[in-house]
Structures are given as C-alpha cells and as structure tokens.
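Put chain B on the given structure of chain A with help from the hints.
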Amino acid sequence: MSHHHDDEFRIYSKEFEDLHKKWDRRQFLTQTTLGLGALALGGLFGKNIPGASPAAMGSLEQDILAALPHFAPKAKRVVYLFMSGGPSQFETFDYKPKLIELAGQNLPDSVRKGQRLTGMSANQSSLPIAPSFYKFNQHGKSQTWVSELLPHTASVVDDLCVVKSIYTEAINHDPAITFFQTGSQLPGRPSIGSWISYGLGTDNENLPSFIVLISKNAQKDQPLYSRLWGNGFLPSQHQGVQFRTGKDPVLFLNNPEGYDGTDRKEMLEYLSKLNTLQNDGYGDPEVVARIAQYEMAYRMQTSVPEVMDIKDEPDEVFELYGKDSRDPGTYAANCLLARKLLEKDVKFIQLYHQGWDQHGSLPSGIAQQCKTTDQATAAFIKDLKRRGLLEDTLVIWGGEFGRTVYTQGKYIADNYGRDHHPRCFTMWMAGAGVKAGFNYGETDDFSYNIVRNPVHVHDFQATLLHLMGIDHERLTFKFQGRKFRLTDVEGHLVKDILA
Amino acid sequence: MLPTPEKEKVLQFIQQQINEQEKKTKATADAEAKAGFEKWLAAGSYKKLASQAISKDGLQAVFNFDNGNLNNTINPKQVGKMKREIGEMKDALIFEKKDNGKALSLNGDVWMDCNPVGVFRKSDAFTISIRIFLPNELKEGVIFHKSDAERLYNFRGYQLNLKNNHLEFNIAHTAPSNAITKVSKAIPPHGQWIQLTTTYDGSSKAAGMKLYLDGKEMETETTMDQLTKEIVFNNGAEPALQIGAWYRGQGVKGAKVDDIIVYNRQLIPFEVNALTGSNSWVSIASKPSEQLKPEEKAILLQYYLSAESSELIAARKQLQQLRRNYADSAENIQELSVMQEMPNPKKAHILIRGNYTSPGEEVHPNTPEAVLPFPSTLPKNRLGLARWLMMEGNPLTARVAVNRLWQNFFGMGLVKTTEDFGNMGQMPSHPELLDWLAVNFRLSGWDIKKMNKLIVLSAAYRQDSRPSKDSREKDPENRLLSHGPSGRLSAEMLRDNALMASGLLNASIGGKSVKPYQPEGLWEINNTSYTRDSGSAVYRRSVYVVIKRSVPNPTLATFDAGERSYCLARRQKTNTPLQALVTLNDPTYLEASLALGYQMAQNSNATEALTDCYRKLTGKQPAAKEVELLNQLREAELKKFKEHPEKGKGWLVAGQLNYTKTNNATIVAANAVVANTILNSDASLSKR
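Protein sequence lines correspond, in order, to chains A and B.
Here my numbering = 1-based position in the first sequence + 56.
Here my numbering = 1-based position in the second sequence + 1.
None of these hints come from the bench; they were simulated from the model.
Watch out, some of these pointers could steer you wrong.
Claimed, not checked - Derived, one-sided and incomplete: chain A residues facing chain B with beta-carbon distance under 10 Å:
hint: 1; residue: Val-167
hint: 2; residue: Gln-180
hint: 3; residue: Arg-283
hint: 4; residue: Asn-287
hint: 5; residue: Gly-337
hint: 6; residue: Asp-401
hint: 7; residue: His-548
hint: 8; residue: Leu-549
Model, not experiment: these values are computed from the prediction.
Ideal placement from N, C-alpha and C gives every residue a C-beta, glycine not left out.
Isolated chain A, as found in the complex (with noise of 0.2 Å):
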C-alpha cells in the first residue's frame, strides 16, 4: 500500500502490512477510512499544479484541485438568500387548504407518527392545527401558488425553481443553520462558500471570492456567528469576508486617518524593498507571495469602497429594488450590492435576513419579514435578468427549517405561532441550470411529511456544487486522518430540477 501515500515518509510498515494480509480485500476497502477514494486517487499522484508552492500543499490537494472544474459549469457565481431564523412554508409557499376545516383540532397521531418535536412545544398537552391566515393564488404561467404575502414575488414565479419538499436533520437553530451552512451540524466545517472559493479561486484579483452580507433593518431573533462563513480546516483565504456598512466595510480597510491611497501606496513600495532585501540568501516564496497578498490588500482598499457605493445607481434601480435600497445595509440595499458585487464577478455571495423565528404572533412576524423582502427578492431576480447575468448566477432562498402545522401555544385565528419543523419545507433556486416556472416536491395536507420528491439538505448542496461544475465526491480535503467533503457521505444531485 505504500505507494499509495503521498509523502516520503509514508514508509513501508510491517505491522501495516500484515493487518491487510489478514483482512480479504472487500473488508479492507469498507472498514479501512483509505477505501476506494484512495485506490482511485493513487494513479493521479505525482501530478503538479503550476505555481503552488508543494511546500504548502500535499500533492493530494493538487490532485484535487488540478481536477476541477470536473465538467462544464452551469452557474459562474452564486448568491444564497438565507432567511435565517426558519421561514414558514404555510404562509408563503405550502398552500393547504384542507387545514381550514381543521382548524384549531388537534394534529392526528397518524401525521405526526410520534416523530421529535422541539423542548419548545413537546410537552404541550394539545397540538392544535393553524392554518394560514392568508390567502394564496396561483401565478404566472406556471400556475404556482404563492400566499398573497409575497406580491412581488408572485411576479417572477416563472423564473423560480420552488422546492417543497426540502428536509433536514436538525432541530435547532445552530445546529440546523450550521448543517445548512457547512454539511455538518457540529460546528467547524467550512462553509459552502469556502468550499468554492477553495476549489474554484477567484475571478476577480480585487475582491475576495466569498463575500458575507447581513440585513440590518432584520428582527434579531435567532443569532448568526461568524463561523458560519468560516473556512474551517481549509486555508483561511477562503474565509468568508463580511462587508460591513459603516466606516470599516471589511475588518481594518481603512488606514489611519489622512493617510491616503498615494501615500499607503508609497509606504508599500518601501515594504516591498525591505522585504527583498529581507529575502536575500533565503529565496523563501512564502515572502514573494506576502509581497503579492499586500498588493491585493492595497487594491481592496481602493475596489471595496467602489463597489459598495451605491450612490450613482439610477433613480429606475432604486425604485425597483423599493425605498430601503437607499439605506446601506438594509436588505434591499444588500440585494442591490450584490448584484453589483456580481457584476464583478464575486463567486459566492452569502446575504442574511434574520427574523423568521416566529414562535407567537407569527401572522403579524410574517408579514413584516415579507414586506421588508419581498420586493427586493423579486427585483434582484428581474434585475439580473435583464442585465444577462441570470443565465450564470445561481440564486438561493431558504431557511434552515420550516414550522409546525400546529400552533405553539394557543390557537387563534389571527394569532398563532409555530414551533421548527424539520422534516419539510420549502426553498427556491432561480437562474443558472435550473428549470425556470418549475416546482418540485410535495408534502402531505397538513405540510408535515413529504409525499413525493424528498431533498434533504446534502442533496441541495451536491446539486449546488453540481451546477459551479464540482463533482460533490470528488471535492474533497484531508484533514485529522480522514477526507473530508461539502456533503460528508452523503447526497444525491437532484437531476429532475436541472435545466
């Protein structure tokens, strides 16, 4: 087995050896962590990725990376809108009629089927159903039904690709938002973000390839942390770079005050010969390329401002996005920077909305977090469209869970609440590789169980590394002893919603 490994000192064990004499090869290949990833990777070794330096990266990590993409992209970029907090799909997406006459009896034992509820709403002596307080109709040509919650959006449906039948494995926020976020509900995975940015670099020298926005005009309910964009165990460039409103947008961008460009740009120069000078006799390319990374950081500081200044969008623009798009920071305005950020060709941007948490009072929580996104949502989407850059920008809205049938608490009307729900819900994709006007997936009458079409998170994220041309399997890091990958063991590309 030797030859398989990828270092020098990987030598010739004998107590290696007998172990796999005593094991047949079939047990070797299931019970051993090397199995066939690792026969499969062996003829690959040796090959070299030009420019990386091998004192920094194993050659398995060329391998992997001189590999990609594995086949032609779908989607050049990204943005993911998560609704951080778990939206409801009864008051958006779910239409259920049939929960009317329902209403406020108790959830069936043969729907719920003495499945987990959250510490929440578990001990409640009764579970009585809620239907929408809103109403829905049918939109567009694709005739799907969208709550008259979202107006705007119900203008685009046939740009959307609308999942119902999503599910995941977690409860509870941090660890369902870590899942979604990461492949892993235990924190200290990278993201997907960083998964991209590893494996796919960046397009544009002036800009970090990932990029982190979060609404400030959002209820707080549920916390975010910044390991959510975190590169976990992969190299820390391909952290998620948060940009911020305010005096700093990116951690420590400014210099210090009157210290302009020409004269930063002076100091660097000066940098860069004592650096040289440092580097004579050592011939370290770490410190040529530190050199380079301090350019790069002196072209962000002019770059990130420019994009972030949204001062010269047309009047037309800012109407479309809706009144807040005027105020940095606020969703609107993060929807419109991302699509100049796009245009820059930013690979993955990752916006946060909190405030979907809506345990009580949810008619009325909805309903402001749909007024503050919903027509920012739809004329992101119509602006992209029309700019072109629909056709190779994949765009994500979800949650990290979807909400009970039946109400948290006392069941009113007009005022319930409901507890997480992860065992459906709804999220949509839009643009680059995915069916336009499409929905897929369904769940029973009461939203609780999916009937048709399942998507559990890792096949969401595989189909999402399928479309940016990465093979889920085959994107993968080495690290404690064991290969690593976006979708751990998991996942299945979901062809039915390919384009």
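Leaving out everything else, chain B in the frame of chain A:
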C-alpha cells in the same frame, strides 16, 4: 466554587459560626425539651390548639377554590392568576364541584401563579401541601414548583414533580447537579384524590426534606445531595409558587387540584396528618395535662419545639441568619464545572448513524490493546485513563508530547501529522530521535522546560536557516533538517511580539480573560456586545484574550488562531491580504508602531533610533542596505508630514495612545510609519 483566598476565609469563618450555632440550637432544643416544655404544658398553653382545625402558626396561604376564585383565604389581597408561556389565560380558569366546595381543573399547559406566595430561600423552612387527582394515564408532569422554567432551562427553586410515575421533590440552585433531590419509592395512587405534603427544614441537606402521602411519610431515595448556592433569583422578578404546569415543560394534564396550603415552617408529622383531616388537635388539646398519654405528650413536645419555644425559635432564627449570610457571601463566587463520576454510570451505546434515538450495541470503557493493554488494576474511569496514559510502558504519550514541542520550534513535527499517530498518520522522519527524545522526556519527570532547552540548544536548531541551493532542491520542506527552521509567527506570537517590542506588554500572569481592541459591532450578530477593557489589561499576552467561538477575535483569527470548535494540534499557515490589513491598520499594531515611533523620536540619532526599533521588533541587526532604505522612508514621511500635517494625524492616535500634542509630533508620526513598516516586514513576521 472558586473563592479568592480572602473570600475563602470569610466563608470558612461563617461556616464555623454555622457549625457552632447548629450545636447551640441542638443544646437549646435538649434543654427546652425538659424545662420549657414542662412549664408550657403545666400552663395549659397547648389548649388553644383545640380550636384550630389545622395549625395556625406559620400559616401563609390556603387556596381552597370553594368560592369559585383563586383567593388566598388567609390573605384575600393575594389572588392567584392563570398563566401560560405568553400572557394571562383567564379562560383557563375552570372549577369543578368537589364535595361541598370546588376544585381547580388543569390542562397541563396553563398554570396557577400564586405570586407572591411561596418565595423561600434555601435557609428557610417551609411546608407545602396540595390535594390532587392524577388521571390514570398520567406519568409525567409538574405538580407544583417555584421557578421560571423546567430543567432544560437550568431549573432553580423547588418543585414537586411526577417523573416516570414517581414523585420527585427537588430543591435546586441549578438542577440537576447543584441540588437536593428525593424520589418516592412508591408510585402515588392515580384516579383518586390524594393529599401530598412536602416539608423542608432549611438545612440545604436532603435529610431535611420529607414527602408525605395522605399524611404518612413516604419512603424515598436521595438521588442528589449537594446544594451549595441560593435557590432564589434575586433579579427583581422573583417567581413564586405555581401549580400544575410550567414554561416549556410538561404539566399535569387532566389533573384536578384543591386545598393548597403553605407554611413558612416545617410542620411536625402530626400536623401534616391533620392537614388531611384524619386527625385533629381537639382530642389532645382538650385534655388536661395530667390525662395526656405519653405519645400525646410526645406530639405536643414536637409541636412545642417546632412552634412555641421562644428560645429555640430565636436560636433557629440566628442559625437561619448565618446560613443566609453564607449564601449571600457565596453568591458571586466564580464556579468551575468539574466532571464527576456518577455512582451508577449510565450505559453507553453506539448510536446508529449518530442518532441519539437509535442506540445500538452497548459499549464499555477501554483503551486500544495495540498501544498498551489496560491493566486490570486500574479503575475504568477517567482516573484510570490518566494513569494508563502516563504508564512507563505506554509508547504514545511521550512521543506525542515531544513531537508537539519539536513542532513548536521547527514548524513541523518529526511526525508531520502531529494530531494523528495512527495508520492514517505519517511515519516519523527520524524515528530514533523521536524515541530518544520521548524516553528522555519521561525520565526527566515530564520536564517541559528541560525538553525545550534541549531542543533549542541542539545543533539542528542552531543551524543557519538559509538553505543552500542543494538543500532547497533536495529538502524543500526541511524534513531532513538540512538547515535551520523558519516560519511565520503564530497569531499570538505576532501580537505579543509587537507588545513586547513597543514596551506596552503587560506580563502579569493569571487572572481572568481580557478584551483588547476589536472593531465595533462584531458580537452584535449574536445579540451580545463587546466592551473592550481599558488600561493595562489591553496589553496582556494573547493567551488571555477572551475566546468566543461563534465570533473569533479577528486580530488573532486572521492569522490562523484556532476557532476551537475542535481540537487543533496543527494550525493552517496561510498568507492572505486580510493579514496585511491587520498588521497595517489594526489599532493593536498601530498603537505598537506609535509607541515605537515615540521612543525613536527621543533619540536624535535617527539611524541609531531605527536600528534599535528594528532590533526590538525582529531580534536582529538590520543590514546596512536596510538601514539606508528605512532612513530614506523616514525622510520621505517626515517631508510629507511637514508639508501636510493632516496626513500624519492618524498615526499619532492609536488605541489608548495620543501624541497629537507632543512637540515633535511630526517626527513621532514619521517614525511610527517606519516602525510599522519594519513590523510588516518578513524579519518581524517570520522567525529565521
């Protein structure tokens, strides 16, 4: 608890007073049982009890619902309310006819809040009694409690709970561990009215808790007996006694309750029985003292000691006050969580596909035999594991440890996969050296300092770190140790080096974490806020910087400090533009540069000044060409700031330093730029 030495003395002092007072109280009781009691008996004072259906002494509340309301009949100003998770629930007030009066029906979600009745501290004795009808199918649910929420939310207060169909009486600071808990051995009768009484003596000991069913003490098992801190919240929103349900917990669905009675005293068994109505004082209290039977006298003695002896009451009050003093003093003492072996460890199973609801095969503690079989003489717990790890015959521990020390200095371990010595890890580059170091380390008594010294004094470490052309080609990773080690400093070293070089470092050891500079608004994403420290705390070593896993400190995280979501023995070594922004613009580094700039300005010999600064930041002398270059930079900046003072302004204010008003401000600013340039150069960032 982790008291400071002074606090510990205070606590010891109060504890001693408590011990003495406990003895004194006991002596008083013994004395009173003779003289005081006889006097009381002879005076016939007990005869007043004849008119009392239930004892009046210490009675705080009776809720009997007979008038169709939630009034406390002892104090009509106090009226209970029906509540649930959000808001008041007037419509959940449902009474049922019972005997000649009424009882309250419960749905398991809504509770009766008796506020302000039933607020007791752990030093207070109390008795709470309730009649309840438990439906046949009910096995779980809270009967009454004083708390904000159930156990999932750090239960604090007291509770009587139907758990796994047994009665659990629990008094807690934080359930389940900082608590006293008793569980009934019998299952209480269902489908009929029963009467339950709990009494507590204020001792913070499980022995001071009693549980009665229909006036008879129940047999119980003590499942926890360590209550060290207060059971009230003291937060201005003190919860009180609540009946039948709780926040996000299970209530007694379908149960009915009646006759809720609260005393601020531990009733004697006879009185508890009287609450059920099956005995009364009349038969005893109406007799002349000479006709009292011995057992009747014994009951009266108990009563006298519980409620009438003024001397004993005073002694108990004193004891209660001391216990309160102790609790108050202990309140703000820091606590440290420690793992404790359970008397009966829980069974562990393989969880199928990681799902906690799918237990598979049962597993038992053991260690890999291939490393070293676990000796039968060691206990199979954490202590045993620790001993096994340190056994002479264990080949792993010392190797793994010295390999990490080696990695600290050489940037790479002799086994490159520091975290993995298993079959997915790599073989050592120098196996004999690793073993020699490992054995030495063990024989030295695991002396880390000695091992570090051995490594840094080695010929291998002291080699020139400039690789020859030959070794650059043949040994690019320096695994053959063909030249001296080099590498970028870690996040913590970088910050500490800047603080040390600039003279700002606060080298004090120990104490709590510090909050140095950090851009505003970072913690807000999870609804917290960061208030940075001021003064010298800001300059403490990076090892003391507060760690928040969900929002890591960017000054350190940008340079690959671990996020601490998992154990990390080997960090990434990245080289990114964001790192450049940190050392160029983070106030941590600007302040260090400014401090150095100020020091340089004190020396009229510019070359000497910058050489000194260079030496402080890098630990070596600059080459002549570097001095020349840095002098040019200094001149250029000086000229710039003289012509445009506004350009230098930002360099004079950083962190807590402000040299705007210094005479030679322009020179300070120019020197700060020079210092920052050196700080950003390879000689500072890397060890060579």
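Interface hint for Val-167 of chain A, Cβ within 10 Å of any Cβ on chain B: violated (19 Å)
With 10 Å as the cut and Cβ atoms as the points, is Leu-549 of chain A at the interface with chain B? violated (22 Å)
Classify the hint on Asp-401 of chain A as holds or violated, based on whether any CB of chain B lies nearer than 10 Å to its CB. With a closest approach of 17 Å, the Asp-401 of chain A hint is violated.
Are His-548 of chain A and chain B close enough, Cβ to Cβ, to be under 10 Å, as the hint says? For His-548 of chain A, the interface hint is violated, since the closest Cβ of chain B sits about 17 Å away, which is over 10 Å.
Can Asn-287 of chain A be said to touch chain B, with a Cβ gap under 10 Å? holds (8 Å)
If you take the shortest Cβ to Cβ gap from Gln-180 of chain A to chain B, is it below 10 Å? Since chain B brings a Cβ to about 6 Å from Gln-180 of chain A, closer than 10 Å, the hint holds.
Is the interface hint for Arg-283 of chain A satisfied, with its Cβ closer than 10 Å to some Cβ of chain B? Check passed: Cβ of Arg-283 of chain A comes within 6 Å of chain B, closer than 10 Å.
Close enough to count: is the Cβ of Gly-337 of chain A nearer than 10 Å to one in chain B? It holds, given that the least Cβ distance between Gly-337 of chain A and chain B is near 5 Å, below 10 Å.
The earlier numbered hints that this structure contradicts are 1, 6, 7, 8.
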